[in-house]
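Novice: Residue numbers (the UniProt record's numbering), protein chains in the order written: chain A, 1 to 200; chain B, 1 to 200.
Keep in mind that a hint or two might mislead.
Just so you know, same-sequence chains aren't split out, so a pair can sit in one copy or run between any two.
As the list claims (entries may be wrong) - Computed list of lysine-lysine pairs in DSBU-like fashion (alpha-carbon distance at most 30 Å, straight line):
#1 K94 <-> K70
#2 K94 <-> K167
#3 K70 <-> K196
#4 K75 <-> K196
#5 K125 <-> K75
#6 K114 <-> K75
#7 K70 <-> K167
#8 K103 <-> K70
#9 K125 <-> K70
#10 K128 <-> K75
#11 K196 <-> K125
#12 K196 <-> K114
#13 K70 <-> K128
#14 K114 <-> K70
#15 K128 <-> K94
#16 K103 <-> K167
Calculated directly from the structure, the hints in this document are not laboratory data.
Protein chains: 2
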Amino acid sequence: MTVFYPNGQPYQGGDRSFDEKTDSEVAYGHRGMTLEEDLNVTNRYYIETDQAVIYKKPTPIQIVHVDYPKRSAAKITEAYFRRASTTDYNGIYKGKYIDFEAKETTHAHYIPLKNFHAHQVEHMKRIKRHGGIGFIIVKFTQSSETFLLDADFLAVYWDASLTGGRKSIPKQLFQEHGHLIPQNYLPRIDYLRVVKEVYF
Amino acid sequence: MTVFYPNGQPYQGGDRSFDEKTDSEVAYGHRGMTLEEDLNVTNRYYIETDQAVIYKKPTPIQIVHVDYPKRSAAKITEAYFRRASTTDYNGIYKGKYIDFEAKETTHAHYIPLKNFHAHQVEHMKRIKRHGGIGFIIVKFTQSSETFLLDADFLAVYWDASLTGGRKSIPKQLFQEHGHLIPQNYLPRIDYLRVVKEVYF
């Protein structure tokens, strides 16, 4: 069952993010994984092979009520999903701060800008201004192609959309100015290979 | 009311972290704030004055059950606190990756090592190995002194404790090898002033 946030985005399982799993829970098997799952496995691999330290942040939750039963774990009984102020992923690679957002789209030829939000675009502008590496990873599920695109392009399209420009980023832009990420068995989505070529 | 995690640590409000607040919710007033609240206000100030981009990560939550009422927000009705794999705070300052954990202690002369956990210590070792800046911020609430201490010292005490060494870090170590963080009206806990002196 696919479930949805109030903003219409599919819920991809705040309870399944890498950050919240113990080592033994993270397996390398492939059984119809989402981009998020693929990235979590990839990040785990990068950590285990000591190439980088990059994590997905936990899903922000607003907690309203918690029960504290005696002799058992505190139980949250009322809480809501919140929109994050930042991107989902950050960390360090070769001494550099890395920051990115990852999205899937079912559209063949574009990704709607509503997959991102204003705080994220502002956040990525800040990151770049402070000397970090910022990008988006977008998977076009129809073709199973996954691209890395520098955050500057997102910012340009975002800003243009605010003054009447198109409300999506065409796949052609990813093909011309982005970088196809090689997909393997392990690492699954080898985005650091692209990062190394593009930013170092 | 002070509430506690299953591990005995006080719950400092996952619903109050900066990351989950909108701009208008973050005020600069001071009314008996915790170290976490002070750091959130401080980080907000750093972002607004464009000095750094550092955030507290959301509290990791394991979601067990979600209700999807028609025409209203998805409601989490069963969830539990999880232990984070990483530290609570990270970001970028002057092009450098910054990573730290912040803790308060009510003990006058030491902070128990049980305030940290193995994953965090390993995480900080990795961060330093990859060229990042890693430290802990510890507030001794009795004296209201807050110190910054390089993560290497935590690692040394942690590792020693595993082979019979003491289970706490003495305040004296903070005084001799750490750095007292200046406290002002704004920024509240000006740890970047220390970072700038120590690491740049």
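Novice: Given a CA cutoff of 30 Å, do K128 and K75 count as a within-copy pair, a between-copy pair, both, or neither?
Specialist: neither (40 Å within a copy, 36 Å between copies)
Novice: Is it within, between, both, or neither for K114 and K75, if the alpha carbons may be no more than 30 Å apart?
Specialist: This pair counts as between: shortest inter-copy Cα distance 22 Å, intra-copy 33 Å.
Novice: Reference check for the pair K128 and K94, CA-CA at most 30 Å: within, between, both, or neither?
Specialist: both (16 Å within a copy, 11 Å between copies)
Novice: Is it within, between, both or neither when you check K196 against K125 at 30 Å Cα-Cα?
Specialist: both (20 Å within a copy, 23 Å between copies)
Novice: Checking K94 and K167: alpha-carbon separation at most 30 Å within a copy, between copies, both or neither?
Specialist: Neither. Shortest intra-copy (35 Å) and inter-copy (33 Å) distances fail the 30 Å Cα cut-off.
Novice: Please sort K94 with K70 into within, between, both or neither, judging by C-alpha distance up to 30 Å.
Specialist: Classified as neither: same-chain Cα gap 47 Å, cross-chain 47 Å, threshold 30 Å.
Novice: If the cutoff is 30 Å on CA atoms, where do K70 and K196 land: within, between, both or neither? Let me know, please.
Specialist: neither (51 Å within a copy, 46 Å between copies)
Novice: Given a CA cutoff of 30 Å, do K103 and K167 count as a within-copy pair, a between-copy pair, both, or neither?
Specialist: within (16 Å within a copy, 44 Å between copies)
Novice: How would you classify K75 and K196 at a CA-CA limit of 30 Å: within, between, both, or neither?
Specialist: neither (43 Å within a copy, 41 Å between copies)
Novice: If the cut is 30 Å between Cα atoms, do K70 and K167 qualify within a copy, between copies, both or neither?
Specialist: Between copies, since 28 Å is at most 30 Å while 52 Å is not.
Novice: Check K114 against K70 for me: Cα-Cα at most 30 Å, and say if that holds within a copy, between copies, both or neither.
Specialist: Classified as between; 22 Å across copies, 44 Å inside a copy.
Novice: Within a copy, between copies, both or neither: where do K125 and K75 come within 30 Å Cα-Cα?
Specialist: The answer is neither: 38 Å in one copy and 32 Å across copies each exceed 30 Å.
Figure legend: structure checked against the earlier numbered hints; hints not met, in rising order: 1, 2, 3, 4, 5, 9, 10, 13.
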